[in-house]
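*Asks:* Residues per chain, in single letters:
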Amino acid sequence: MSAEIAGDGATITPYTDGPLIVRGDFEILSVDGEVLPSGRKTVALCRCGVSAIKPFCDGTHKLVGFRSGDGE
Amino acid sequence: MSVLQHDLAVTAFPMEARGPLSTRLTAILSQGPDDSAQGLDLSPVAEAAVAAASSVVRDDDVQLSLFILYGLHYGSFPAVSADWEWHPALVAARRVLERAFEDELRATVAVPPLPRPTRVAVARALSELTSADSGPSLSRYIAKKATREQLGEFLIQRSVYTLREADPHSWAIPRLTGRAKAALVEIQADEYGGGRPARMHSEIFATTMEEFGLDRRYGRYVDEVPAITLASLNVMSMFGLNRRLLGAIVGHLAAFEMTSSIPNAMYANGFRRLGYGVGVTAYFDEHVAADAVHEQIAANDLAGALAEDEPALLPDILFGAAACLVVDGWAGAHILDSWTADRSSLRSGTP
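Top to bottom, those sequences are chains W and P.
Going by UniProt numbering, the first residue of the first sequence is number 1, and it counts up by one from there.
Going by UniProt numbering, the first residue of the second sequence is number 1, and it counts up by one from there.
Among these hints, one or two may not hold up.
To be verified - Just some of the chain W residues that point at chain P, by a computed CB distance under 10 Å:
1. T11
2. P19
3. R23
4. G24
5. D25
6. F26
7. L29
8. S30
9. F56
10. C57
11. K62
12. L63
13. G65
To be verified - Distance ranges between label pairs, derived from CB positions:
14. S55/P <-> I53/W: 17 to 27 Å
15. A333/P <-> L63/W: 42 to 52 Å
16. G33/W <-> R106/P: 52 to 62 Å
Just so you know, the hints here were simulated from the structure itself, not pulled from any lab data.
No residue lacks a Cβ here, since even glycine has one placed at the ideal position from N, Cα and C.
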C-alpha cells in the first residue's frame, strides 16, 4: 500500500490464489510490442496460465483451483 | 443517444400495482405531497401486506412496494415528486417491509463459519463460499441452449438492476473510511466508466438492450419481472440504504463480483451463438475482464480490509455475501425452471 503513495510509476500486487493487480502509470504490450488496450485504470494479469484473455485474468483460476502459495 | 435517456421513465408510473399496498403507493405518489398527506399512515397496510405474504421474498405486492419506495431515493420515477422521499409515512412503511424482508433472509440464508478477521482469511472464506455456490446454471443454459426469445427475457430480467448498475453499492461509499472506502471507489469508478460516460456499465447495457431491439428506458419492463427479480435488487437497496447493514452491502458486492466473470463469458457466448454482434455482446465481454479485477479488490481490499479494521462487521459481511448468492440463485432458478418447463419467465408470458 505505502508504495502507491510514492506517486508516479506503477505497482504490481499479487493477490492470494489470484492474478497480479497492476495500478498506476503503465502500458501492457503484446509479444509484438503493440500496446494492448485494457480499457481500465486497474488491470488483473493472469498468473495461473489458463485465462482465455491472456495476458489479462478472466477468473478461470478458480475453476482449476490455482494456489499461489503466498497466502496465510 | 443521450447518456441519461434510460433514466426517463416511460410514464409517470411505469408499472401496474400488484396488491393493496402497491395500489395505495402508486395512487398516493401520482400526486405531490399536499396537506392531505400530513396524517397519512401506511403502516397498517404495510403490516397487512407482510402478514398476507407466505414468503416476503417472493411476494409481488411487498417486493414491488419496496422497489417503489427505494425508487424514491434513486430517483427512478422522475414524474414522482422528490418531496415524497423522506415523508415519514413512506419511511415508516418501508421499515415495516424491511423488517420482514430482513427477518426472512436472516432465517433462510445459511451463513458459513466465520473466518478470522484478517484480510487474507476473509478473502479466502468468501472465495470458498462463492466457489461452493453450485446454483442452477442459467449461464450454461444461455451459452448452449437459449432461444432468441429467451435471450430477450434474460435482458429484461437483468434490466431492473443493470440499467442502474453499481448504484445500490454506491450508498456505502460515505459510510466507509480509509482503505475499504478507497477500494470501493476504485471498483465503482470503473463501473461508472472511469470518467467516460459511454463506458458506464449501465450505459453499455442500455446499448445492448437497444441493439437487441428492446426499450432501454428505465422501468419499461418492471411489470414483466416477478417478485424474486425485484427482490434481487431490493436486497441490495436495503443493505445499501441502511447504515447498520454496512457489512452486508460490502459482503454482497464481494459475492456479486466473485460470481460474475465466468457466467458473463458464457452469456457472451450464448448471444454470439445466435449471431449477435459486438453491439450486444460488449456488455458481457467487458464484465469478464472487469469483474476479474473487481472480485480481487472486493474480496481483499474492501471486504477483507473492512473485517480487519472493524471486526464487529464480519458476521454481516458473510451474511451479505451469502444473501447475494441465495437470492440471486432463486432469481436465476426461476428463469431456468420456467424455460426448462417450456414457459416464459416473464409475468405476461411474452416479452
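*Asks:* Give a verdict on every hint.
*Replies:* The hints, checked one at a time:
A hinted interface residue such as T11/W counts as satisfied when its beta carbon comes closer than 10 Å to some beta carbon of chain P; here the least separation is about 13 Å, so the hint is violated. For P19/W, the interface hint holds, the least distance from its beta-carbon to any beta-carbon of chain P being 7 Å, beneath 10 Å. Among the interface hints, the one on R23/W holds; its C-beta lies about 8 Å from the nearest C-beta in chain P, closer than the 10 Å criterion. The interface hint given for G24/W is broken, as the beta carbon of that residue sits about 12 Å from the closest beta carbon of chain P, more than 10 Å.
Evaluation of the D25/W hint against chain P yields a violated restraint, the C-beta minimum of about 15 Å exceeding 10 Å. The restraint placing F26/W at the interface with chain P is violated, with a minimum CB-CB distance near 14 Å, outside the 10 Å limit. Because the beta carbon of L29/W sits about 17 Å from the nearest beta carbon in chain P, more than 10 Å, this interface hint is broken. Checking S30/W against chain P by beta carbon gives a least distance of about 15 Å; that is not within 10 Å, so the hint is violated.
Against a cut-off of 10 Å between C-beta atoms, the interface hint on F56/W holds, since the closest Cβ of chain P lies about 5 Å away. Proximity of C57/W to chain P holds as hinted, the smallest CB-CB distance being about 4 Å (cut-off 10 Å). The interface hint given for K62/W is met, as the beta carbon of that residue sits about 6 Å from the closest beta carbon of chain P, less than 10 Å. Taking 10 Å as the C-beta cut-off, the interface hint given for L63/W holds, the closest approach to chain P being about 7 Å.
Restraint check, G65/W versus chain P: the minimum CB separation of about 9 Å is within 10 Å; hint holds. In this structure, S55/P and I53/W break the distance hint of 17 to 27 Å, their C-beta atoms being roughly 40 Å apart. As the Cβ distance of A333/P to L63/W is approximately 22 Å, the hint placing it in 42 to 52 Å is violated. Taking 52 to 62 Å as the suggested C-beta distance range, the pair G33/W and R106/P conforms, at roughly 55 Å.
Hint compliance for this structure: hints 1, 4, 5, 6, 7, 8, 14 and 15 are broken, all remaining hints hold.
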